[in-house]
Structures are given as structure tokens and as C-alpha cells.
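Colleague: Each chain, letter by letter, is given below.
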Amino acid sequence: MIELALTFAFSCFGLALLFNLWRIVSAPGVPDRVLALDTMVINMIALLVLYGIRQGTGVNFEAALLFAMTGFVSTVAYCKFMLRGYIIE
Amino acid sequence: MTLVTEILISVLLVVAGIFGIVGSFGLLKLPDPMTRLHAPTKATTIGIGGVLIASMLYFGLVADSFSWHEILISLFLFLTAPITANFIAKAHLHREVPVSELPPTGTDRAWATYDHDIAETAPNRNL
Amino acid sequence: MRRLYPHPYLSLTLFAVWLLLVNGYALGSLVFAAILATIIPLLTSAYWPNRMEVRNLPAIIGYILLVIWDIIVANVVVAKIVLFKPNSQLQPAWVTIPIDLRSPEAITLLAGTITLTPGTVTSDISACGRSLLVHCLHAPDPDAVRDEIKTRYEARLKRIFR
Chain A
1 MIELALTFAF
11 SCFGLALLFN
21 LWRIVSAPGV
31 PDRVLALDTM
41 VINMIALLVL
51 YGIRQGTGVN
61 FEAALLFAMT
71 GFVSTVAYCK
81 FMLRGYIIE
Chain B
1 MTLVTEILIS
11 VLLVVAGIFG
21 IVGSFGLLKL
31 PDPMTRLHAP
41 TKATTIGIGG
51 VLIASMLYFG
61 LVADSFSWHE
71 ILISLFLFLT
81 APITANFIAK
91 AHLHREVPVS
101 ELPPTGTDRA
111 WATYDHDIAE
121 TAPNRNL
Chain C
1 MRRLYPHPYL
11 SLTLFAVWLL
21 LVNGYALGSL
31 VFAAILATII
41 PLLTSAYWPN
51 RMEVRNLPAI
61 IGYILLVIWD
71 IIVANVVVAK
81 IVLFKPNSQL
91 QPAWVTIPID
101 LRSPEAITLL
111 AGTITLTPGT
121 VTSDISACGR
131 SLLVHCLHAP
141 DPDAVRDEIK
151 TRYEARLKRI
161 FR
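Protein chains in written order, with our numbering: chain A, 1 to 89; chain B, 1 to 127; chain C, 1 to 162.
Just so you know, these hints were derived from the structure itself, not from any lab.
Worth double-checking, as some hints may not be accurate.
Just so you have them, the derived chain C footprint on chain B, three or more residues with Cβ under 8 angstroms [claimed, not checked]: (1) 5-16; (2) 32-38; (3) 63-72; (4) 83-91.
Computed cross-link-like contacts, SDA-like style, restricted to lysine to any residue with a CA-CA straight-line distance of at most 20 angstroms [what the hints assert, rightly or not]: (5) B/Lys29 to A/Gly14; (6) C/Lys158 to C/Gln91; (7) C/Lys80 to B/Tyr114; (8) B/Lys29 to C/Pro86; (9) C/Lys158 to C/Arg146; (10) B/Lys29 to A/Leu17; (11) A/Lys80 to B/Ile83; (12) C/Lys80 to B/Val14; (13) B/Lys29 to A/Leu21; (14) B/Lys29 to A/Asp32; (15) C/Lys150 to C/Ile99; (16) A/Lys80 to B/Tyr114; (17) C/Lys150 to C/Gly62; (18) A/Lys80 to B/Ile18; (19) A/Lys80 to A/Val30; (20) C/Lys158 to C/Phe84; (21) C/Lys80 to B/Asp32; (22) C/Lys80 to B/Val11; (23) B/Lys29 to C/Gln89; (24) B/Lys29 to A/Leu48; (25) B/Lys29 to C/Leu90; (26) B/Lys29 to C/Gln91; (27) C/Lys80 to B/Ile18; (28) B/Lys29 to A/Val25; (29) A/Lys80 to B/Arg95; (30) B/Lys29 to A/Ala27; (31) C/Lys85 to B/Phe25; (32) C/Lys150 to C/Leu109; (33) B/Lys29 to C/Gly28; (34) B/Lys29 to C/Asn87.
If you want the ones that stay clear, here's a sample from chain B, every Cβ over 10 angstroms from chain C, calculated [unchecked claim]: (35) Thr2; (36) Met56; (37) Leu57; (38) Gly60.
Treat the numbers as computed from the prediction; the structure is a model and nothing was measured.
For each residue, glycine too, the CB sits at the ideal point set by N, CA and C.
Just chain A, same shape as in the assembly (with noise of 0.2 angstroms):
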């Protein structure tokens, strides 16, 4: 049952990945591509951790981490460098 779940889970995710390249492809203005770029990360990091799961693993964990870490920062840049035109000040 696990197992059954896990696949319709992952296919979400999967499918979900699909729709934020759509919107970064066909994105209005640049905040929606950073967007959908910060909702791609989430969606890698549950990819990941259901990636662990299926393996019976606990090595992704740290690799998830790290993905959240980079997300979070590079997305904090895109949007420093849009509000102000360079990234430190």
C-alpha cells in the first residue's frame, strides 16, 4: 500500500515540476520566474525525500537539507538583486 501511495505521490510531484517549468517558460514578468523557481526547489526536496523513502534510506536527508539551504538563499537573491540592481551592499 506504502508502495502505491509513494508512486502517486511521486507522480504529483512530478506532474508539479511540470507545471512550474510551464510557468517558468510562459512566466508574465520575472517575480513569477523566480516563483516558480522557489516552488520547483520545494517540489525537488519532496521529490527527494520520497526518493529516500522508496530506498529505505536516510542519505538524501542531508542532500534535501542542503537543496532548502541553496533555495532559500539564491531565491533571496534573485529578489534582492530585482529590488536594488546588485546583491551585497
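Given the coordinates of chain A, assemble chains B and C onto it according to the supplied hints.
Modeller: Chains B and C in isolation, oriented as in the chain A frame:
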């Protein structure tokens, strides 16, 4: 016992998947950038929260190798989600929204994004 | 003691986070967590000029539980709006929320709570820090949203922060 945990984990995974996809679908469906900001910041937080709780239950009860990392990941995501949302909203306001579209602040200063001498009089404890 | 640990909550948090990171409580990691919890607040004390003043632990726990419950409700509400409400019926609105809280930590917490809960995103703060700009996904009655935020979250935060 194992059946109950299996059902619980499966339900969590399915709910998380549904919320994850709804969040990304909202990103496509909603009409303008500010409303689009709502869907991912909310739906994905519970989507990923469900996945992480399911993973914790799985490793603690089924695989018997309990790990604390999920708590750290979910705490981090829940702390950073409002910050990124706020930053994206500010960037959007700065780039595309004229100040006349916003409601008045109700105080004697403008909204911070539009207030250009903010550096000298940043909000601080002495207010 | 007070000089060695200028920020006891920060030290405790660092200790806990390090133990969560190494994923265990062997003696070595306990010692290293204690070392980190001592050194990091001392090295970064220049960035923490004021000690955070928090009281009323039951109120904090109650607030956290309330916010978690609201997040779950908010997710269902937003998912319903996204899935079933046609875009033409959507009534997004800007709301100005005057805030009585003064400490930056309390305002940050309030803004974060607003972003995580029902259909509202904090977008900006006024330059003097006395009102928040909130965007609502679907608000037929913006004044009700403002009143709910003020009574539901701000009143509770006022009891937590001095």
C-alpha cells in the same frame, strides 16, 4: 499496528501529493502575480510537511531507523517560506505596481518599498 | 554565567539544531554541540544588541498550536479556491493593518504568521513600522480580514512579547 501505520503513511503521502500538485496548479491557473503568490506558499508547505511526517513515521515505525533530519528540514522550510514570499512580493511591488494602486499606510510614511530615504530612518526599537 | 551565555535561548537552539544535524546524542556530539552553543552567540553578539524578552510559555505553546491548526485550515481553503473557484469570481484585495506591536521580533512573527495562514500574504511594511500591507487571495470583506488578524494573532502576540 503495522496496518494502521501503513494506512496513516499512505494517507499522508496521498494528501501531500494532492496539495503539492494543487500548489503548482495554482501557479498556472490564478490570474495575476500577487494571487499567484498565494498558491505555492501555502499548498506546498503542507505538501512537503505531509511528505516529511510520512517519512518520519516510515523510518521510525516501519524501517526502524528513526531520524531527526525531517524535523530540521520542515522547520527550515516553515521559517523560510514567509521570508521568500515577502521578498517576491516586494520585488513584484517594486517592479510592476505603481504606488497609487496600494491602499494608504495610515501613517505619515510611505510603504517601505517606495520610501527611498529608508536607510536613515529604518524602523527600530526607539519608536 | 550571564556573560558566557548572553543569549540563552539562542544557545539552546544551537545545541538542539546541532544534535538534530548529527542525528544522534553520542558524547562527542554533545560536547561539540555545547562548544558551538557557547562560541557562536559570543562571536555574533554584535548582531544581537538586545536580549529577546519573552514571557508566558503557555501562551507561546498555545500560539504555535493555533498557527499550526490555522495552516492546515488555510491550506484546505486555498486549495478549494484554486481548484473550484473560477478566476472571474475571485476578489483579491489589499488590506492595511495598523499594528500596535513595537518590537521587531514580534512584527516579524506576526508577518510570518499572516503569510502562512488563510489566503493572506504580507507584502510590505510602512517605513515607520506601524502598519503592514497584506494581500488577500479572496476577501469579499477586507475589514473582516483586518479585524480577524488583529484579534486572533496580534492580541495573542501582545501577551507574549512585552
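Colleague: All the hints need checking, so say for each whether the structure fits it.
Modeller: Hint check:
| no. | hint | result |
| --- | --- | --- |
| 1 | 5-16 | violated (count 0) |
| 2 | 32-38 | holds (count 5) |
| 3 | 63-72 | holds (count 5) |
| 4 | 83-91 | holds (count 5) |
| 5 | B/Lys29 to A/Gly14 | 18 angstroms, holds |
| 6 | C/Lys158 to C/Gln91 | 31 angstroms, violated |
| 7 | C/Lys80 to B/Tyr114 | 34 angstroms, violated |
| 8 | B/Lys29 to C/Pro86 | 9 angstroms, holds |
| 9 | C/Lys158 to C/Arg146 | 16 angstroms, holds |
| 10 | B/Lys29 to A/Leu17 | 15 angstroms, holds |
| 11 | A/Lys80 to B/Ile83 | 12 angstroms, holds |
| 12 | C/Lys80 to B/Val14 | 17 angstroms, holds |
| 13 | B/Lys29 to A/Leu21 | 14 angstroms, holds |
| 14 | B/Lys29 to A/Asp32 | 13 angstroms, holds |
| 15 | C/Lys150 to C/Ile99 | 8 angstroms, holds |
| 16 | A/Lys80 to B/Tyr114 | 15 angstroms, holds |
| 17 | C/Lys150 to C/Gly62 | 17 angstroms, holds |
| 18 | A/Lys80 to B/Ile18 | 32 angstroms, violated |
| 19 | A/Lys80 to A/Val30 | 13 angstroms, holds |
| 20 | C/Lys158 to C/Phe84 | 37 angstroms, violated |
| 21 | C/Lys80 to B/Asp32 | 18 angstroms, holds |
| 22 | C/Lys80 to B/Val11 | 19 angstroms, holds |
| 23 | B/Lys29 to C/Gln89 | 13 angstroms, holds |
| 24 | B/Lys29 to A/Leu48 | 26 angstroms, violated |
| 25 | B/Lys29 to C/Leu90 | 12 angstroms, holds |
| 26 | B/Lys29 to C/Gln91 | 15 angstroms, holds |
| 27 | C/Lys80 to B/Ile18 | 12 angstroms, holds |
| 28 | B/Lys29 to A/Val25 | 15 angstroms, holds |
| 29 | A/Lys80 to B/Arg95 | 12 angstroms, holds |
| 30 | B/Lys29 to A/Ala27 | 12 angstroms, holds |
| 31 | C/Lys85 to B/Phe25 | 13 angstroms, holds |
| 32 | C/Lys150 to C/Leu109 | 13 angstroms, holds |
| 33 | B/Lys29 to C/Gly28 | 52 angstroms, violated |
| 34 | B/Lys29 to C/Asn87 | 8 angstroms, holds |
| 35 | Thr2 | 24 angstroms, holds |
| 36 | Met56 | 12 angstroms, holds |
| 37 | Leu57 | 17 angstroms, holds |
| 38 | Gly60 | 13 angstroms, holds |
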